[in-house]
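S.K.: Letter by letter, the chains look like this.
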Amino acid sequence: MSAMTLPSPMRALIRAVVLALLAFAIFGPLLNLLLWAFAERWYFPSKLPSDYGLTYWYRVFQPRGNALASLGTSIWIAVLTVLVSLAVAIPAGYALARLKLPWRGAILLVFLLPQAVPNLPVYVNIAQVFYQIGLNGTILGVVLVHASHGLVLAVWIASAAFASVDASLEEASRNLGASALTCFRTVTLPLAAPGLIASAIFVFLESLDEFTGTYFVGVPDVTTLPLLMFNATMGGNYQISSITALLLLIPSIGFMLVVERFLKADVLAMVGR
Amino acid sequence: MTSVAIDRPTTRRGIGLALIAPALAVVGLFFVAPLVMSAVVAFRGKDGDFTLEHFAKAFDFYTTDLLFTLAIVVISTLLIGAVAIAIAGYLTLGEHPRAVAVLRWLYRWPLFIPFVVAGQLMRTFLAKNGMLNHVLIGSGLIEPLSAQSLLDWRGIVIAFVWKQAPFVTLLLAGAMASLETQHIEAARNLGARRLRVLVDIVLPQVRGTLLVGLVLSFVTMLSVLSVPLMINPNSPTMVTVDVAYRISTHADYPVANALCLLTLVLAAVGAVFYLRHSGVRAEGQAGR
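From first to last, the protein sequence lines stand for chains A and B.
Under our numbering, the first residue of the first sequence carries the number 785, and numbering increases by one thereafter.
Under our numbering, the first residue of the second sequence carries the number 657, and numbering increases by one thereafter.
Quick caveat, the hints were computed from the structure, so don't treat them as lab data.
Bear in mind the structure is a predicted one, so any value in this text is a computation, not a measurement.
Keep in mind that a hint or two might mislead.
As the list claims (entries may be wrong) - From the structure, some residues in chain B lie toward chain A, with a derived Cβ separation under 8 Å:
# : residue
1 : P678
2 : L788
3 : R844
Claimed, not checked - Some residues of chain A that are not near chain B, with every Cβ distance over 10 Å (derived):
# : residue
4 : I923
5 : D993
6 : E994
7 : S1025
Just so you know, even glycine gets a beta-carbon here, dropped at the ideal spot from N, CA and C.
Start from the sequences, fold in the hints, and give me the full structure.
M.R.: The following block contains the structure:
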């Protein structure tokens, strides 16, 4: 209120201070992580590390190190999760966008559940079932858990992508004699591709970052990067965990920087439907 | 949106169901079924009959943690809402183009950072010897001796707000950007202050989006295991930590499931808001 009456240099100062505080709140923790990743020695109570170096990086990236194996596991799981999710989400998204469906509301509700219900009970019980049928600690088990969560996002985004394709183009191709499948393959799919790629990226990232499900279902044999990071942190090895965290940050921040290219208003409007 | 339909409606319905069946099967088998199982296990005694003993035990051991969890998630949700309104509001109504541009670039860095990484970031940043205290001491704001670790409930709240506020802000700023500007301009021309415009004109129109973002955050935070485990693993702590403990240490699935169901009850409070709101939206969709 009183800001209205303040002289403009004063207001500029307030603006600058508020932005600086916000910048510190956001980048402070990230900067702290960078320091830890390159700290050779950092003892209480010094403000900054006493030695910087790459020793821990060599340790993380040594050929027989856990980190590279975990990175490989994480990426492999994420790729498989994307494949499984899209394989079922593309037909489902198309049906939701284009075809008349009975019990449409109930179906939409089912696809809302994994995002709207706490996932903990699911992970706990699926781990128990998977344990009995030998899926615990397997890549397949983790992929199935990731996919059941990820495909929901994929279905939403895919159905938005298909809905935004101009139906008259499809009609034109059908009138010219294309079969339904040809029309889908040559007209609908290419036009919806950007949205589908966006959903693939979402599912990939979600799988790459997933912790709780893997924590319950992946034990003892599947160690993804988030689990490795967690174990290093709990073991008090801040350098290793910071370097692993940095590896996890790269795709997250990369996607954040380009997100607006994918997250157009139509997709944003979808959230909460 | 009308369908391309030229074919016979009944076969198209069949095709539609066939196309959607695999996705439904995956969600049904690997999400809905375990959820139902949770309810069964939580109410089933040793000889298979109905019992409430697991809930009695859960309340016996973990009432404090249940309240602690609720308090943390409610406080975090309120703070997330406040931060999101402030940032999205300035992005929409701010008059200083450069400040708006900087803010737009700045606020969303944590958007896709996973909870487990946010936990690790805060574990070092908020520690007694962490960067926050060094900066506060360096700038003379606190005495070195009064520096304290924030790695308790405050650390969890900070980690949650840091990670979730950008998400709600993104949704909210998107909704605000798609508003008709005439009302805002008219009010501004009549001399209304920006805070007034935000509260009286902008916020009522984006209430739904804000609510959806907050409820999604509320439910998500209830299920986060990594952040409390890394920042504040000792009692009192969040229920997720207790669930993990009951399973990994005691293999006590019944009590773990009772705790899970109690979390669901907490989430259901949020879901009531959510469904009421999305019900309104769904009608709007059907009318299109």
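S.K.: Quick one: work out the minimum CB distance from S1025 of chain A to chain B and report holds if it exceeds 10 Å, violated otherwise.
M.R.: violated (6 Å)
S.K.: Go through the hint on L788 of chain B and say holds or violated, using the shortest Cβ distance to chain A against 8 Å.
M.R.: Hint on L788 of chain B: holds, closest Cβ of chain A at ~7 Å, below 8 Å.
S.K.: Is E994 of chain A truly not at the interface, in the sense that its beta carbon sits beyond 10 Å from all beta carbons of chain B?
M.R.: The assertion about E994 of chain A is violated, with a minimum of 8 Å to chain B.
S.K.: Compute the least Cβ-Cβ separation between D993 of chain A and chain B, then decide whether it is above 10 Å.
M.R.: The claim is violated: D993 of chain A sits with its nearest Cβ about 3 Å from chain B, within 10 Å.
S.K.: Given P678 of chain B as an interface hint, is the shortest Cβ-Cβ distance to chain A below 8 Å?
M.R.: Holds, about 4 Å.
S.K.: Does R844 of chain B pass the interface check with chain A, least Cβ-Cβ distance below 8 Å?
M.R.: With a minimum Cβ separation of about 12 Å from chain A (threshold 8 Å), the hint on R844 of chain B is violated.
S.K.: Quick one: work out the minimum CB distance from I923 of chain A to chain B and report holds if it exceeds 10 Å, violated otherwise.
M.R.: holds (15 Å)
Violated hints for the displayed structure, listed by number in ascending order: 3, 5, 6 and 7.
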